[in-house]
Amino acid sequence: MTARTPRGRAWARLSQSVLSVWLVLPLVPLTLWVIARTWPYPAVLPTSWGWTGLHAAYTDGVVPALTTSLVLAAATAALAVPAGAMAAHALAVDPPPGARAIALLLLAPAFVPPLVVVMGLNIALLRLRVPPLAGIVVVLMVTAIPYTTFVMRAAYAGYDRAIEGEARILGATPRDVLLRVRIRMLARPLAASVFLAFLVGWSDYVITLLVGGGEVVSAPLLVASAASGAGNEALVAALSALAVVPPLLLFVVVTTMSRTAPSRGTTPTPPQELLPPHLAPVSVSV
Amino acid sequence: MSAALSVCGLHRAFPGTDAPALDSLDLRIGPGRCVAVLGPSGSGKTTALRLIAGLDAPDRGDVIIDGRSVLALPPERRGLAMVSQRPLLFPYLSVLDNVAFAARMNGAPRRTARRSAQRYLDLVQLTSSARRRPATLSGGQAQRVALARALAAEPAVLLLDEPFSALDPVLRADMHRLLAEVRAVLEPTILLVTHDQDEAATVADSIAVLMNGHLLQHDAPARLYARPASLAVSRFLGGLNEIPGHLVDGVHHSALGPLALAPGATILNGPAVLLVRQESVVLVSADEPRVDAVGRVARSAPRGARQLVQITTAAGIIHAEPAAGQAPAVGASVGLLLPVQARTAVATPAPVLRICAQGNGRTETSPEPRWAGSGPDRTSTSGSS
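These protein sequence lines are chains A and B, in that order.
Numbered by this note's numbering, the letters in the first sequence go through residues 1 to 286 in order.
Numbered by this note's numbering, the letters in the second sequence go through residues 1 to 385 in order.
The hints are simulated quantities; they were obtained by calculation from the structure and are not laboratory data.
Simulated restraints on C-beta separations:
| no. | chain 1 | residue 1 | chain 2 | residue 2 | range |
| --- | --- | --- | --- | --- | --- |
| 1 | A | Val206 | B | Arg60 | 55 to 65 Å |
| 2 | B | Ala166 | A | Ala90 | 27 to 37 Å |
| 3 | B | Ser116 | A | Glu215 | 55 to 65 Å |
In silico contact screen, one side only, chain B against chain A (beta carbon under 8 Å); selected entries:
| no. | residue |
| --- | --- |
| 4 | Glu76 |
| 5 | Ala81 |
| 6 | Met105 |
Note that CB positions come from ideal geometry on N, CA and C, so glycine has one too.
Given the sequences, and given the hints that come with them, work out the whole structure.
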């Protein structure tokens, strides 16, 4: 690797600064709207300040909506990560005949538009009389599994299983190997998978709307409902800001976990190209 | 930490391959002894180690530790420990916790496991590195930790799978010294797998030569060089001189004339190849009356501190390896002395080593080897008789 010249370092710093401004800039009006009482056009800043937006969000049911989203996202992660990890293990460690076709099949929900996926499954779930919340979780899991599978598959591809043999010889049972070696060794990609699956559940709109049939109100549904009306800028801003908090907290937790996990080079990290495009900016650094 | 290990008729063939990776391997290691399995890449060394460790299952054969078959036991219950070419340390644990791993797996409280681990870290002279992470260690340090971790498991048999081959020569020599110190203190039974004959000769009490899945010879290092059981063993150990002829009553007859073999190097009468290590060939004046052969120097090339000299004789090319300053010039006539103690002969095909008797589908270890010859202990043998 060649060392950077002072000019190169300056360019890198400038690029980082521009990128940071580009990412942070849209959040400035959002933050201002959260604490604005009135902000008439063409004023540059709000003309009066207050917590109107947050009060309105509370009145409109943001707490139950966030709770519902949290349940959906956590359940999606809890189901999609183990399922994806197991599928990835099977595909990467001991590939069955037709592994490529199976891999494509697993990836299919990521290719197919969500509306198509949900319409097919929606009918099946209605006929089976599956409760709306459970139905949503099932469909979200189907949507999230491609991502968790491919993140973990890439991780397993670079995972040296010799360390498990070493652990066995040193007295570790298969259960010990799973809990004390494999999960610890794959902590980074597992954390990335959890984060991805959580985001799939957290940010979903179409599946919750169609499968939930209006009975299940999650944070994205509440935000969309508020945003469809006029003059709700403060409310929409408050709802959006609140909706950012849980993924942000998870991101902090995941990043902290990654710091304690094996360093780069000893444990594979998921390749960035496997991350869903709309999630890439927040998830690639875990 | 000192148990006897017997491997009886261990056989492993992998699907899609013509020849078995390991063909009925028989090997015995006495308690506290160190045996090196020496062979080129692909000879089945690591396969043997994996079968013994329980990481792979043999098609047939048995692994016996202290008279008890461990074949049905999973790796964690065989009482073994292994150090591989790569240290395979757990990167998320400190050096101390890596060494304490086996004790923790056996249910020891963390404090007790760490206290015990510290003793083994002291043994490998890494006391001050206890809190470091494996990623911060050098290659040599990491391998020391791996050795400490294996020793801390207090195994019945310690398996070493080319543990020092990734280290530079200086570090390797350090590790050899360390292993000798560990042997002096703990007297572990060790099975070392290596392709490095110098390492095998330095570290082990006896060497088992494995090629193409077959055990060709198991003997003390000095005897292995002096009395190779076959041409393959001689060649693998770097022997260059092969003189075809016939053996009659302990005397080899060839284009060089009759040459008596050393006592103990005698094989049955018949076609035989005379072997003399190039290091043992003495170059003298062609006029010397007691020479065994005369010839002319065809080539001379440096070989470290010595010179490899090719001499054309009546029996073909014979190699000698004198000190660099004492090598004759190319084209010079020289006399060759082939010391009697350095002469040995092999017949083809080479004898096959078997130490386990087969009976009623069950493999048992025979109390004594079925071939003659003496070695460093009762488990070491020579295949040359």
